[in-house]
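These protein sequence lines map, in sequence, to chains U and D.
Quick note on the working numbering: the first sequence kicks off at 2 and runs consecutively.
Quick note on the working numbering: the second sequence kicks off at 2 and runs consecutively.
Source of the hints: derived by calculation from the structure; they are not laboratory data.
Check before you lean on any hint, since a few could be wrong.
Identical chains blur together in the list; that is why a pair holds if it fits in one copy or across any two.
Stated by the list, open to error - Lysine-lysine pairs mimicking BS3-like chemistry, simulated, CA-CA at most 25 Å apart:
{"id": "1", "residue 1": "Lys393", "residue 2": "Lys462"}
{"id": "2", "residue 1": "Lys200", "residue 2": "Lys184"}
{"id": "3", "residue 1": "Lys463", "residue 2": "Lys393"}
{"id": "4", "residue 1": "Lys463", "residue 2": "Lys388"}
On a predicted model such as this, the values are computed, not experimentally measured, just so you know.
There are 2 protein chains.
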Amino acid sequence: MSDLRVSERVAVIGAGLVGSLWALMLARRGYIVDVYDRRPDPCLAGDVGGRSINLALSERGWKALDLAGVQNAVRTIAMPIKGRRMHAVDGSLTFQPYGREEGGRFGEGECIYSVARGSLNRLLLEAAEATGQTTVHFDHKLEDYRQDGEGVTLHFGEQGEPRCDRLFGTDGAFSAVRMRMMKADRFDVEQKYLEHGYKEIELSPDGAGDFQLPSDGLHIWPRGHFMLMALPNPDGSFTCTLFAPYEGADSFAEIANADAAQAYFEKHFPDIVPLLPNLKAQWTDHPTSSLAMVSCEPWHEGDRVALVGDSAHAIVPFYGQGMNCGFEDCTVLDGLMGDGGVKDWSTMLAKYSSLRKPSGDAILELALRNFIEMRDLTGDAQFLLQKRIERKLAQQYPDRWVPLYSQVTFTHIDYAEALRRGDVQRAIMRQVMDRPDIDEIWDNEELLNDVLQSALDLLDKK
Amino acid sequence: MSDLRVSERVAVIGAGLVGSLWALMLARRGYIVDVYDRRPDPCLAGDVGGRSINLALSERGWKALDLAGVQNAVRTIAMPIKGRRMHAVDGSLTFQPYGREEGGRFGEGECIYSVARGSLNRLLLEAAEATGQTTVHFDHKLEDYRQDGEGVTLHFGEQGEPRCDRLFGTDGAFSAVRMRMMKADRFDVEQKYLEHGYKEIELSPDGAGDFQLPSDGLHIWPRGHFMLMALPNPDGSFTCTLFAPYEGADSFAEIANADAAQAYFEKHFPDIVPLLPNLKAQWTDHPTSSLAMVSCEPWHEGDRVALVGDSAHAIVPFYGQGMNCGFEDCTVLDGLMGDGGVKDWSTMLAKYSSLRKPSGDAILELALRNFIEMRDLTGDAQFLLQKRIERKLAQQYPDRWVPLYSQVTFTHIDYAEALRRGDVQRAIMRQVMDRPDIDEIWDNEELLNDVLQSALDLLDKK
Chain U
2 MSDLRVSERV AVIGAGLVGS LWALMLARRG YIVDVYDRRP DPCLAGDVGG RSINLALSER
62 GWKALDLAGV QNAVRTIAMP IKGRRMHAVD GSLTFQPYGR EEGGRFGEGE CIYSVARGSL
122 NRLLLEAAEA TGQTTVHFDH KLEDYRQDGE GVTLHFGEQG EPRCDRLFGT DGAFSAVRMR
182 MMKADRFDVE QKYLEHGYKE IELSPDGAGD FQLPSDGLHI WPRGHFMLMA LPNPDGSFTC
242 TLFAPYEGAD SFAEIANADA AQAYFEKHFP DIVPLLPNLK AQWTDHPTSS LAMVSCEPWH
302 EGDRVALVGD SAHAIVPFYG QGMNCGFEDC TVLDGLMGDG GVKDWSTMLA KYSSLRKPSG
362 DAILELALRN FIEMRDLTGD AQFLLQKRIE RKLAQQYPDR WVPLYSQVTF THIDYAEALR
422 RGDVQRAIMR QVMDRPDIDE IWDNEELLND VLQSALDLLD KK
Chain D
2 MSDLRVSERV AVIGAGLVGS LWALMLARRG YIVDVYDRRP DPCLAGDVGG RSINLALSER
62 GWKALDLAGV QNAVRTIAMP IKGRRMHAVD GSLTFQPYGR EEGGRFGEGE CIYSVARGSL
122 NRLLLEAAEA TGQTTVHFDH KLEDYRQDGE GVTLHFGEQG EPRCDRLFGT DGAFSAVRMR
182 MMKADRFDVE QKYLEHGYKE IELSPDGAGD FQLPSDGLHI WPRGHFMLMA LPNPDGSFTC
242 TLFAPYEGAD SFAEIANADA AQAYFEKHFP DIVPLLPNLK AQWTDHPTSS LAMVSCEPWH
302 EGDRVALVGD SAHAIVPFYG QGMNCGFEDC TVLDGLMGDG GVKDWSTMLA KYSSLRKPSG
362 DAILELALRN FIEMRDLTGD AQFLLQKRIE RKLAQQYPDR WVPLYSQVTF THIDYAEALR
422 RGDVQRAIMR QVMDRPDIDE IWDNEELLND VLQSALDLLD KK
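Generate coordinates for the entire structure from the input sequences, incorporating the hints supplied.
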């Protein structure tokens with residue numbers, strides 16, 4: 002903890018993952034932090050309002066947790082996931098590792114980590130409170146705020162009108178802070194929904210409390226324009242999520258009732274059906290949820306108000322980067338605040354906005370593309386071959402070729418730069434895959450070396 | 002007035018131009034209409050909150066006014082504008098008629114009409130009230146609404162919570178109804194600002210009360226990335242509007258004070274400076290306003306709530322179509338409601354939304370393009386030659402070639418279809434203008450006929 006004590010009072014709206022972490026970081030800097038959340042306390046502990054209960058934590062997230070001093074604590078509740086496990090309709094399985102088998106933050110190879118949302122949220126909130134600098138207020142719904150020269154007045158209806166010096170909106174995709182910022186002049190915002198919705202189904206542990214599928218993988222049943230996914234939870238269960246279009250072929254609209262859902266699963270995901278004896282009841286009980294995307298600019302209003310996390314850049318979940326991107330916002334903001342405290346908030350927040358806005362746009366684009374990859378390409382032989390060649394490239398020339406997935410998941414390269422480099426690599430791989438002899442690559446070491454070299458030559462020319 | 006009496010109670014939020022007209026149309030259908038507006042009564046009479054005080058009424062607007070039975074009344078407060086009058090820096094003038102010299106709705110050739118916003122608004126509101134079916138409530142700010150199976154409850158804070166059967170949001174670019182609809186699932190919305198702002202300067206009548214510039218034209222001082230415009234008002238004045246970027250060369254940011262504004266006008270618009278003796282005072286007194294664009298989808302929520310006008314599709318003013326498009330929404334909605342009253346509101350409103358959303362997108366695109374044309378091309382000799390050739394084409398082959406401006410301004414062709422046809426014509430004109438002998442066209446009748454024929458031949462091939 003820093004010895005610095007700052008008399009400024011900061012309000013953080015939203016006690017979710019990003020809000021809790023950001024409150025912790027601010028408190029460690031010596032600010033007096035009030036965290037407000039519209040929900041009652043217990044809601045944060047579990048599955049809330051159709052949001053998934055597990056999350057994929059990767060390198061960008063870990064860096065922020067490290068900076069906030071809670072990396073080791075979070076490590077104890079995180080479960081390594083080493084790669085994708087693809088399920089074909091005939092039940093056959095393919096494994097595709099996420100990264101290299103050595104290295105990685107914890108020396109167990111490059112992998113992502115499954116964390117229960119509730120546990121991580123509690124851990125972060127408790128750490129923020131433990132600083133003695135943070136108070137958390139539940140059941141506080143922000144109705145409005147007003148800036149003046151001296152500070153910001155928060156309007157919580159009957160809960161009062163406290164004042165603060167700075168206000169951070171970490172209140173998610175449907176941010177009340179952002180809704181209020183929309184009334185400011187020249188604030189651009191876009192809110193857009195994916196044509197696909199999702200429904201979650203729990204796959205319970207077996208009688209002995211063990212996982213019923215290999216627990217080191219993100220399981221995917223890629224089926225073209227829809228897919229099923231399963232991510233393990235530390236308690237031995239899996240959260241399965243069906244992503245399907247709202248309308249049209251194989252859509253939610255076509256699944257009229259629980260019987261139709263059972264038939265749908267039997268047709269498309271037969272290998273998981275025996276593991277889901279209560280599928281029909283779950284289908285009826287669980288909501289179909291939509292997927293919202295938000296982008297806006299600027300991410301701040303003057304020198305007192307700013308957005309962090311989903312409130313500024315809600316994205317789709319297909320890259321597992323929503324939380325990681327929000328945590329990286331905190332890392333970047335913290336970096337901009339510098340060591341000696343902030344002298345010019347207006348310039349600092351403007352810089353934060355102009356730095357991070359392109360990153361937010363890029364990770365949204367990347368996540369949309371990854372949806373297509375996951376549902377469409379992960380079952381394709383040519384795609385798997387390409388991935389394998391890229392892995393070989395990355396292994397032999399780690400300084401020259403970092404696959405796009407690795408850039409996003411295992412490095413701190415700006416998302417916008419990763420998107421750019423990924424496009425260059427994609428164009429190269431398209432040329433490489435066009436070679437008529439590409440299918441023989443693993444039988445012929447000379448050919449393999451020639452292919453790898455030609456990819457690097459093309460990279461040099463870009 | 003229809004003999005039909007309908008017991009349904011309809012709320013219209015926003016007593017502006019579109020709200021007043023739509024209330025009138027609904028009242029004539031027999032609905033009991035309550036119009037609510039957040040502003041006090043007198044505000045509607047004049048210049049409000051930086052909005053321009055005059056408007057260009059064209060064919061789409063007239064059709065809706067005709068349908069509402071007020072065309073003749075509006076005619077008495079409308080002033081014909083026959084074309085653009087372009088002012089070069091050296092003071093030379095060029096006239097470019099909007100349409101054909103004969104025809105047009107009132108037999109005085111094709112022209113647009115300048116109307117004072119306040120006068121038109123009053124006329125429409127009074128006509129709505131005169132039906133005996135409409136009540137207007139000022140000082141009512143909508144804070145929220147709630148739909149249930151039986152109707153809609155409106156929340157006006159201390160002003161009460163009246164009920165209605167249907168709710169129409171005609172409350173403009175910053176619509177409270179739309180802000181509330183954003184909270185509904187799967188509602189897409191984009192709010193975006195132009196990089197240009199504007200400032201209005203009044204050019205007073207001369208000592209005798211007469212116009213100081215020709216009153217039959219929309220005056221434009223095109224200067225590339227910025228421009229000055231002047232539209233006559235029926236009282237002998239002109240409203241001049243400077244459109245300039247907020248930042249960069251020749252921007253508002255560069256005009257630090259009234260002296261700088263004076264110098265800016267003397268440099269770029271020298272011919273108007275003698276007519277604006279109080280330019281400096283006006284510059285200081287008048288705000289610089291932003292230009293918001295809004296698009297959203299769907300334009301309705303279930304079977305009880307819908308958006309009409311700017312609330313659904315706020316556009317930039319450069320085609321003079323904002324009000325006309327809103328009025329056309331009313332025409333289309335009225336058409337969809339049919340003769341016997343609405344049986345299935347849900348289907349009808351969904352049809353309205355899917356019909357009009359592409360039109361709204363198209364007129365926004367057209368208006369953005371017209372900004373470039375007005376500020377950039379109207380001073381260009383090649384552009385003027387092209388316009389003249391198109392006029393000749395339209396004159397000789399009125400059934401085959403309607404210039405894009407005429408489609409938008411003098412017809413009821415759907416904006417989306419006009420945009421499509423305009424693109425085809427633009428591609429053809431680009432080919433025509435590439436002829437090496439094109440500059441000699443007016444000296445050689447054979448050449449002229451050949452050029453016109455080649456344009457029609459190209460059109461046949463599309």
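Each hint tested on the structure:
1. Lys393 <-> Lys462: within (21 Å within a copy, 53 Å between copies)
2. Lys200 <-> Lys184: Classified as between: cross-chain Cα gap 20 Å, same-chain 34 Å, threshold 25 Å.
3. Lys463 <-> Lys393: For Lys463 and Lys393, the Cα distance is within 25 Å only inside one copy (21 Å; across copies 51 Å).
4. Lys463 <-> Lys388: Only inside one copy: Lys463 and Lys388 sit 21 Å apart there, 44 Å across copies, limit 25 Å.
Checked against the numbered hints above, the structure violates none of them.
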